[in-house]
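J.: Below, each chain spelled out in residue letters.
Protein chains: 2
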Amino acid sequence: MRGHVGHFITEKGDIQANCDVIAGKLSFTFTFFAQVYLTLLSHNSFSVRSHTCGELRSTHVGEVVTLCGWIQYQRHGMFIILRDFSGLIQVLIPEDESRAKLKEFCDVPVESVVKVMGKVRRRPAGQENMNMPTGEIEVCAETVEVLNVCQKLPFEIKDFVKKTESLRMQYRYLDLRSSQMQYNLRLRSRLVMKMRDYLCNKHGFVDVETPTLFKRTPGGAKEFLVPSRDPGRFYSLPQSPQQFKQLLMVAGIDRYFQIARCYRDESSKPDRQPEFTQVDIEMSFVDQAGIQALIEGLVQHMWPDEKGSVSTPFPSMTYEEAMRDFGVDKPDTRFGMKVNVPFLRDTFRQPGGCVQAICVVNGAVILLLEDGLFDCILSCSVDFQQEVSVVVVKTDGTWKSPLGKMLPESVKQSVHQMTMAQPGDLLILAAGQQDRPLLGKLRLYCAELLEEKGVALRDPTAFHFLWVVDFPLFLPKKEEPGELESAHHPFTAPHPEDADRLFSEPHKVRSQHFDLVLNGCEIGGGSVRIHNASVQKFVLEKVLKEDSSLLSHLLEALASGAPPHGGIALGLDRLLSIIVGASSIRDVIAFPKSFRGHDLMSGAPSFVSKEELRPYHIDVKTLGFSKFQPLLCIPVLSIKAAAAFQMK
Amino acid sequence: MRGHVGHFITEKGDIQANCDVIAGKLSFTFTFFAQVYLTLLSHNSFSVRSHTCGELRSTHVGEVVTLCGWIQYQRHGMFIILRDFSGLIQVLIPEDESRAKLKEFCDVPVESVVKVMGKVRRRPAGQENMNMPTGEIEVCAETVEVLNVCQKLPFEIKDFVKKTESLRMQYRYLDLRSSQMQYNLRLRSRLVMKMRDYLCNKHGFVDVETPTLFKRTPGGAKEFLVPSRDPGRFYSLPQSPQQFKQLLMVAGIDRYFQIARCYRDESSKPDRQPEFTQVDIEMSFVDQAGIQALIEGLVQHMWPDEKGSVSTPFPSMTYEEAMRDFGVDKPDTRFGMKVNVPFLRDTFRQPGGCVQAICVVNGAVILLLEDGLFDCILSCSVDFQQEVSVVVVKTDGTWKSPLGKMLPESVKQSVHQMTMAQPGDLLILAAGQQDRPLLGKLRLYCAELLEEKGVALRDPTAFHFLWVVDFPLFLPKKEEPGELESAHHPFTAPHPEDADRLFSEPHKVRSQHFDLVLNGCEIGGGSVRIHNASVQKFVLEKVLKEDSSLLSHLLEALASGAPPHGGIALGLDRLLSIIVGASSIRDVIAFPKSFRGHDLMSGAPSFVSKEELRPYHIDVKTLGFSKFQPLLCIPVLSIKAAAAFQMK
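Protein chains in written order, with the numbering used here: chain A, 183 to 830; chain B, 183 to 830.
One should not assume that every hint holds.
Same chains, same names: a pair is fine if it fits in one copy or spans any two.
Claimed, not checked - In silico DMTMM-like cross-links for lysine to aspartate or glutamate, where the CA-CA straight-line distance does not exceed 25 Å:
| hint | residue 1 | residue 2 |
| --- | --- | --- |
| 1 | K660 | E502 |
| 2 | K719 | E738 |
| 3 | K376 | D769 |
| 4 | K623 | E478 |
| 5 | K576 | D389 |
| 6 | K334 | D652 |
It should be emphasised that the hints constitute simulated quantities derived from the structure, not laboratory data.
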């Protein structure tokens, strides 16, 4: 039974606290900052404890300390292992204590909260535990006070005890006691503080809080509604402070940021968080390159030391390149397996289009017998309505595939050349439209499969940042491909090189939108905005065919001396989850909602009485049973009963 | 036409930027901090401008600069006064420019946005403007580019132009261009940053974001509801993160803070903000004195230099003393005029109770003829159901009042002694119950009246912090005085000296709740919380008669090893408004709601189609017209029509 929680907090402050800083002659201004930042960070100020459990070392030997914490476990009926957020310490109930008292503490359940006063002493020779940062010493208790008895627990508070996700959520206050969740939440706080420091103290950004009770935006189907006491009127919880940040630029705030709570009602997505946090930034008198440089500096400044270093500038790729080489607009560049166009489809005497291929190195050796791979290929093939062929490159370099006979040797040669295929590799070929999401998806799936088989494809400690730029400004609507919708949002400015085309060929216009991608996840999206009222009006009315009167306040603002401006929003939850290597953003949120958007701890959302709804002038509709529906429901309930009904 | 916007930004960073810091020999750790905090704060990084308008001085003479800003006004057809957030600068369109170009810029409307490139030069002798921080120099334009033309404005952007509140709200993005609003928002950002620095960097607090979509709390009549896609189920927007902060203590976070958005649906109050911000703090292993000391340090650390200094510890007063001496639980201690008990009511041969008095110095001279005073006295007298008498102390020391004849000379003598009344003063006497809110209210009203008349009663630059402690734990319910309700919230711990009484005489128990009062406004409330599950259950079930199952998750958490803990919440909006001397919290909020909770800029809350309500399974009730109501409505619509109806 060794200390398995360990020393999980190593903040800058701790290092600093142990450094003797001799600052020398300092100017007044410097003294101000020195005072603020160089005094010791204290976790014990204003507290009834004198030290945290985890901070004690052999340098404290002889000191009388007061500790508060949770009983992690007991040893030999004479040691209590005490835990707080900073780590573990061994407390000895000495032999010379009255046996009654000792007995009492042995009966206190684990996870009870106690206060211990005692002297730090070196552990007897041979009893040190070098796996425990406090393992050279122990505290010899003089008084122990039980502050709260732990009555019962649904699971043990030990890192190695695996809990189901729903149990973790239901007892989140216990789940958060784990060293991983403590690390995640504390890292989050630390990184956010560093971002604020960079934006506020280094670059003059102003932290402005914007409202979350706002007006419904046109087409805001994902916005939660909040009924007001004015009959029939609703507030809306916005998906982002987009309008407000632009209005703040019109207001001359010049540089705005906010760690902003955002809301999105996405019932269709399984892993949804109805509320999430974004680092929201907007600047005046800036171009795209300026915003990108700002963010590169921000990431570098906030990056935790323990995760290596980040080099800037980040590589950049156009949307077109990303789609061409990776089949996706957020490429995971930690590995190759690029999509290639080894030959035109004309080869098959079908004019137009082309054939694309990815080469899975050693895929034939490792993946060929994986059912998962073929299931995935099949379902992708159906989803994307494209033909997919799998080719095994045999040891002699020939193809094992029906395609092998259909293609001339010269074409096969060129495929090998382009994909650098070697014996043992697997070639996946697809024929269809130009955009290659199918191969993009298979590429990622193969990577996962290879890793499951133990192939070290992606370095788990690597962080590959990437800008994807030059997105299209508009895309054809899915339901009505003849009409256009904004690829991102209607406030995005057209690419300067395509500005004139906006009025003639809007579908060909590139935008000044850009995404920040980390390890294949989109963690931010930014753009230069339209600052000209008439351009904005044109986009809303003529291109998007929307009712611009719903945004009249924004159009008026643009006409009142709006500066050129642009900005970005980073998804804080996603960014944090990648940094700590969590599989879900739920692991970097203190109290997340479940898959279905429920709070499993409190039971939210919950039923509300008719009485409580009255001030809001709303009624809950009875489950789909309007007055015309009961008859239609009968056959569903019972076909026999319906038949009986008709026979009457 | 002088520069009236002036130099309204003097942040620490600016001072620092002008200091040459020679840091000497620094350790590695120190270098880290030096790197972070001692590099220049730049407002121009990543921007197309080289300088802000307000930062230029004679030291810049000869430099070629690029400025961006708004045209504040023009002079003599050859000068443009350019404005950005940092101040004003004069731009000269030189004589040797082509006249056409000059003409063009003279036609550009004020508040248009321009970019100017040119050389800084000293103004010709005699043309300096020493009222303008940039008044020694001007920029001789080489190129001027119009970035956006201001088309029309509802009001001029000049500080001296008075706007109605509703116009300011409707065009908030223009209102925020004023120097006062720029100062308020920038100060807010700066102070919040300092608070974070104190809590995070100095005292080890962890910034944790808690959900705002939560479960309705018992009796949460002021909570906004958010319909979910689960039929009949609603989220609730919490009034504070109270439950979450306590759960975080159970989770071992140890020290939590959050600048938290909170929601309160108070239709009854006229000056309401449905969303507001509180500085939310919670600590484990702390007592009341510890929390108070933490907050005193916080206020001192964040306090802006330009508002003087704050000395600690803050004075403290019990709830009983506050009610006794000031007739209110949040006394404005910037002036005296205390409530006195000069004689018992028995004097009037009515047993029990007493007579209280305040003495308005020079009140007889200054206020006697004020209708407002007597209206207020009358309405208070009715509201509080108490008798009020007004006594004028005449020049000879005798009383002008009906009471004069009723009271023996000895009693009058004691009144004078106690209240220190002098000729010319006004005595206000009230007889009624022990709690003296009536005189407390009149005291404040008289102070306002005196100040309106030019009496310097309260120093407008003074900031009087005060702790009010030892509040009662429970109060009789207003509707049912035989039952008790929490004076603050049901999680407040009883005062240690009264702990045993909780089970026998709960109405006599004092709490460990304490308020922070600044200049007569409650700006914060804190308490030590109940950490024992059975005590919490007793309070909920036996004292408050509430259904404790609605809080079962909290009770379970307290039973799972909850540490002793306590915390506080400061009202950030109110605190800021007092610091900047604003009459309303709307002046420290970027986009506030109106009196009635509306956003006058966008029109929120707004009507929503039946279609949009469908996913949430709710219907808007037709304005009180249920199927039985139309007949009842007829008389309201037209009595004549109703009469005609009945005559048929």
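J.: Run the structure past the numbered hints and jot down the numbers of the failing ones, going up.
T.: 4, 5 and 6
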